[in-house]
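Each chain is listed here by its residues.
Protein chains: 2
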Amino acid sequence: MSKGVLFVISGPSGTGKGTVCKELLANDDNNLFLSISSTTREKRAGETEGETYNYTTADKFKSMIENNEMLEYAVYSGNYYGTPKKTVEKMLAEGRNVILEIEPQGALKVKSILPDAVLIFIIPPSMAELKKRLVERNRETDEQIAARLEAAKWEMEQAQKYNCIVVNDELDACVGEIEEIMRGNVQKRAMVDKLLHEKY
Amino acid sequence: MSKGVLFVISGPSGTGKGTVCKELLANDDNNLFLSISSTTREKRAGETEGETYNYTTADKFKSMIENNEMLEYAVYSGNYYGTPKKTVEKMLAEGRNVILEIEPQGALKVKSILPDAVLIFIIPPSMAELKKRLVERNRETDEQIAARLEAAKWEMEQAQKYNCIVVNDELDACVGEIEEIMRGNVQKRAMVDKLLHEKY
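Protein chains in written order, with my numbering: chain G, 595 to 794; chain Z, 595 to 794.
Take the hints with a grain of salt, since some may be wrong.
Intra- or inter-copy, both count: the list cannot distinguish identical chains.
[Stated by the list, open to error] Below, in silico cross-link-like pairs of lysine-lysine (DSS-like), each with a Cα-Cα straight-line distance of 27 Å or less:
| id | residue 1 | residue 2 |
| --- | --- | --- |
| 1 | K755 | K597 |
| 2 | K726 | K616 |
| 3 | K755 | K793 |
| 4 | K679 | K755 |
| 5 | K654 | K597 |
| 6 | K597 | K747 |
| 7 | K755 | K703 |
| 8 | K782 | K726 |
| 9 | K782 | K654 |
| 10 | K782 | K755 |
| 11 | K793 | K747 |
| 12 | K616 | K782 |
| 13 | K725 | K782 |
| 14 | K637 | K680 |
| 15 | K726 | K793 |
| 16 | K726 | K788 |
Calculated directly from the structure, the hints in this document are not laboratory data.
Modelling step: build the complete structure from the supplied sequences, incorporating the hints.
Structure representation (structure tokens):
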């Protein structure tokens, strides 16, 4: 059995990566499993423990960092967010494809630890559209949105380090393109695996 | 003007990467420029200085290594082979897409120095076919071919670290797939570049 493939979906805040991941996970043909992040931030209304996040304390989170048990982690607005290594490695070993939806900072960290990961960077069709989406989301102040847009610029400068860049203009097209990338990668890795075990 | 994109074509010996690169370079639509490697090995019949390789002495080559002027280099059968950094960086800055055809060892070194590089790994359709091609090439002893095949296994284990894997079964199809990858990357990078310069 081939090892699973780790797909990391990332991109600036407001590009719709959450929605894209939901669509990808909803399609059983993708054979995808979501790695749930851990966080120290408080649970918001409508969120579910073990589905949206695994909620934990700052003490427990810090001890996991110290014990080198986090694949990646980052701090936003004073809260920790991260991915426990053990869960991901177990799923990959079982031949399941894993999807991680994380911020660009974390995505590049994952690639440095697991160079086999396929990093997919989602970009908006335009900065104006990204701004519009952040405003319409109505979750942040103008200052926070301005900071998000500034961060987006830095993040997009890192896009070239990703395996693939996909534009999220029309959701279905974006999801379809990512599914094609996923199928291609799974197929090609299976071929390499077959070559590695071939007698000649 | 956008910076050019660096494409690195690599794969085990005998996968036909040389022929693939020739085809890619022959198509003007690809807007591709070949970076000529430097080597300390002697010129073979039919080879041309500045086209096949830039031939140099071991002393000069070593001094370029010491001065950190090589993007990558490797030693095969006692001879040095490598890519001078300056030429590649100059071409990229001028907006030209550059193609490097190098051994897998060197390809991963290039990626560590220039993480924007797009690494394309060419695999054979089967190990049996790879063996057949190496035998038909009629350049090496049975022992050398056996060593090539062993090396191919190690190299293919690294394939997952590349941006893309392409099978060279039928030459035209392989070249077409790589051209599509190249077009996609050039187009996506131009889009990111546009986003980075957009006022919002």
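Here is what the structure says about each hint:
1. K755 to K597: The answer is both: 24 Å in one copy and 14 Å across copies each meet 27 Å.
2. K726 to K616: within (22 Å within a copy, 46 Å between copies)
3. K755 to K793: between (36 Å within a copy, 24 Å between copies)
4. K679 to K755: both (22 Å within a copy, 19 Å between copies)
5. K654 to K597: neither (30 Å within a copy, 45 Å between copies)
6. K597 to K747: between (35 Å within a copy, 17 Å between copies)
7. K755 to K703: both (12 Å within a copy, 15 Å between copies)
8. K782 to K726: Classified as between; 22 Å across copies, 38 Å inside a copy.
9. K782 to K654: Answer is neither; intra-copy 39 Å and inter-copy 41 Å both fail.
10. K782 to K755: Both ways: K782 and K755 sit 20 Å apart in one copy and 12 Å across, limit 27 Å.
11. K793 to K747: between (49 Å within a copy, 11 Å between copies)
12. K616 to K782: both (25 Å within a copy, 24 Å between copies)
13. K725 to K782: Intra 37 Å, inter 20 Å, cutoff 27 Å: inter-copy only.
14. K637 to K680: Cα proximity of K637 and K680: one copy only (23 Å, versus 53 Å across).
15. K726 to K793: For K726 and K793, the Cα distance is within 27 Å only across copies (13 Å; inside one copy 57 Å).
16. K726 to K788: between (47 Å within a copy, 18 Å between copies)
When held up to the earlier numbered hints, the structure conflicts with 5, 9 and fits the remainder.
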